[in-house]
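> Each chain, written out:
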Amino acid sequence: MVAIIDYGVGNLFSLKSSFEAIGADVTVTADRETIARADRIILPGVGAFEDAAKKLRSSGLADFICEQAELGKPLMGICLGMQLLFDKSYEYGVHEGLGLIHGTIRPIADVVPAGYKIPHIGWNALHFTRPDRLFADLREGDCVYFVHSYYATDCPAAVTATTEYGAPLTAAVASGNLLGCQFHPEKSGNVGLKILKAFCKMKGERHADLSRH
Amino acid sequence: MITKRIIPCLDVRDGRVVKGVNFQGLRDVSSPVALAEYYSACGADELVFYDITASSDGRKIFTDILTETAKKVFIPLTVGGGINTVEDFDRVLKCGADKVSVNSGAIRNPSLIYEAAKRYGNQCVVLSADVKRVDGRFHVFAKGGREDTGMEAIGWIRRCVENGAGEVVVNSIDTDGVKTGFDLEMLHAVCEAVAVPVIASGGAGKIQDFIRLFRSIPGVDAGLAASIFHFGEVQIADLKREMLKSNIPTRMNGDMS
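Chains Y and B supply the protein sequences, listed in that same order.
12 is the number that my numbering gives to position 12 of the first sequence; each next residue is one higher, with no gaps.
252 is the number that my numbering gives to position 39 of the second sequence; each next residue is one higher, with no gaps.
Each hint should be verified, as a subset may be incorrect.
Claimed, not checked - Using C-beta positions, here's what the derived DEER-type ranges look like:
#1 B:247 to Y:204: 32 to 42 Å
#2 B:459 to Y:139: 14 to 24 Å
#3 B:428 to Y:190: 38 to 48 Å
What the hints assert, rightly or not - Covered by chain B, according to a simulated footprint, are these stretches of chain Y (three or more residues, beta-carbon under 8 Å):
#4 10 to 20
#5 74 to 87
#6 179 to 189
The set of hints was computed from the structure by calculation and includes no laboratory data.
As the structure is a computational prediction, the values presented were derived from the model and not from experiment.
All C-beta atoms, glycine included, are put in the ideal place defined by N, C-alpha and C.
Input sequences plus hints: build the corresponding full structure.
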């Protein structure tokens with residue numbers, strides 16, 4: 001079963017529907033027992049980093065998700081959910097994330113040249129920087145749907161794909177059983193569904209870097 | 214490189230897709246859900262559902278259709294029509310919309326865009342502006358293009374973006390339904406005024422109209438059309454192949470392309 005964590009940010013209807021469309025057993029939940037029973041976890045998120053991080057902590061789910069990740073369950077963050085996996089974000093101040101993947105979240109305005117519109121909205125091509133199980137059925141240059149103003153950086157070892165927007169921006173990351181997509185696979189047509197299918201096939205594994213727990 | 218988007222627009226009344234010429238003479242075309250699935254398979258980059266139903270019963274039919282579509286179609290869905298309050302945003306977002314477009318609602322209630330952007334983020338709020346030349350000036354029209362507000366359009370669009378609109382659909386009433394090409398002069402003026410994505414609407418009659426649009430005005434992010442897609446005068450797969458040949462970045466991974 002795939003558990004989509006419901007911590008009160010964003011609309012999870014499309015995400016749930018996309019898993020249903022590929023025949024996955026999926027549930028949207030904030031219940032720890034249900035999350036514990038799931039064999040893989042999705043951390044979604046749209047909106048502001050600070051607000052989402054607060055909601056995740058105040059619901060008590062932040063530590064619980066970290067514990068679940070430590071068990072080796074495949075855990076994928078999507079969009080802001082991906083950003084939350086990192087150490088910290090510089091979105092309106094400095095805010096701590098879950099610290100599961102080392103790196104920081106910074107404004108794309110830092111690297112994108114003048115004249116490029118922000119947010120980066122629309123379909124952009126994936127360039128794979130190293131092979132990853134999530135992208136086994138994809139081709140170099142396949143397009144996915146992005147909506148974001150911040151991006152993950154200082155995480156060279158974790159980057160699996162970038163996208164070009166005047167500068168290369170981190171599009172996807174992986175670190176053991178932890179995965180993240182800056183784009184929205186649930187809005188990326190067939191390419192997105194292939195990524196979700198690959199996620200559903202992943203086997204769990206222990207994550208070497210999770211020593212802090 | 215970010216791609217230029219091709220967006221079919223589905224006007225929905227009482228659960229059916231309709232499209233008028235110059236906003237009059239509606240013709241029934243097809244089932245919205247079936248058409249949405251078809252366009253997604255053809256490589257459409259996004260869909261706009263425009264609710265032109267007047268009654269509250271019709272509203273329920275519309276949101277049911279939206280829900281059914283969002284269960285089957287996994288590309289961004291923008292919903293417009295009858296969006297007057299933040300509660301209206303909530304209603305369609307819960308049914309699977311990703312973005313909500315406001316038109317007359319923003320004219321009647323100038324704080325609507327600000328309030329909605331604060332709650333759902335700028336990326337969720339699309340300004341749809343019906344614009345027509347009146348005595349040599351661009352005017353904003355309300356009520357589906359029937360009523361001249363007297364407001365100058367470029368300044369109005371700029372203010373809406375400052376208030377939080379994350380994208381702008383510019384629908385030229387002058388070229389709508391005429392099929393001789395997009396309103397390049399109007400679109401150029403809007404692209405000069407705002408730094409958010411601009412979606413061109415009104416006037417496309419053939420593939421070359423899209424090529425000319427993207428070549429003439431690099432600031433335009435997307436081309437929107439309705440009847441030429443509904444009646445098969447332009448096939449999205451053909452259009453995208455032609456864009457690729459013309460070195461216009463486009464997404465080629467639709468199932469049928």
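> Look at each hint and say if it fits the structure.
Comparing the hints with the structure gives:
no. : hint                       : in the structure
1   : B:247 to Y:204: 32 to 42 Å : 40 Å, holds
2   : B:459 to Y:139: 14 to 24 Å : 22 Å, holds
3   : B:428 to Y:190: 38 to 48 Å : 29 Å, violated
4   : 10 to 20                   : holds (count 6)
5   : 74 to 87                   : violated (count 0)
6   : 179 to 189                 : holds (count 4)
Going through the hint list in order, the structure does not satisfy hints 3, 5.
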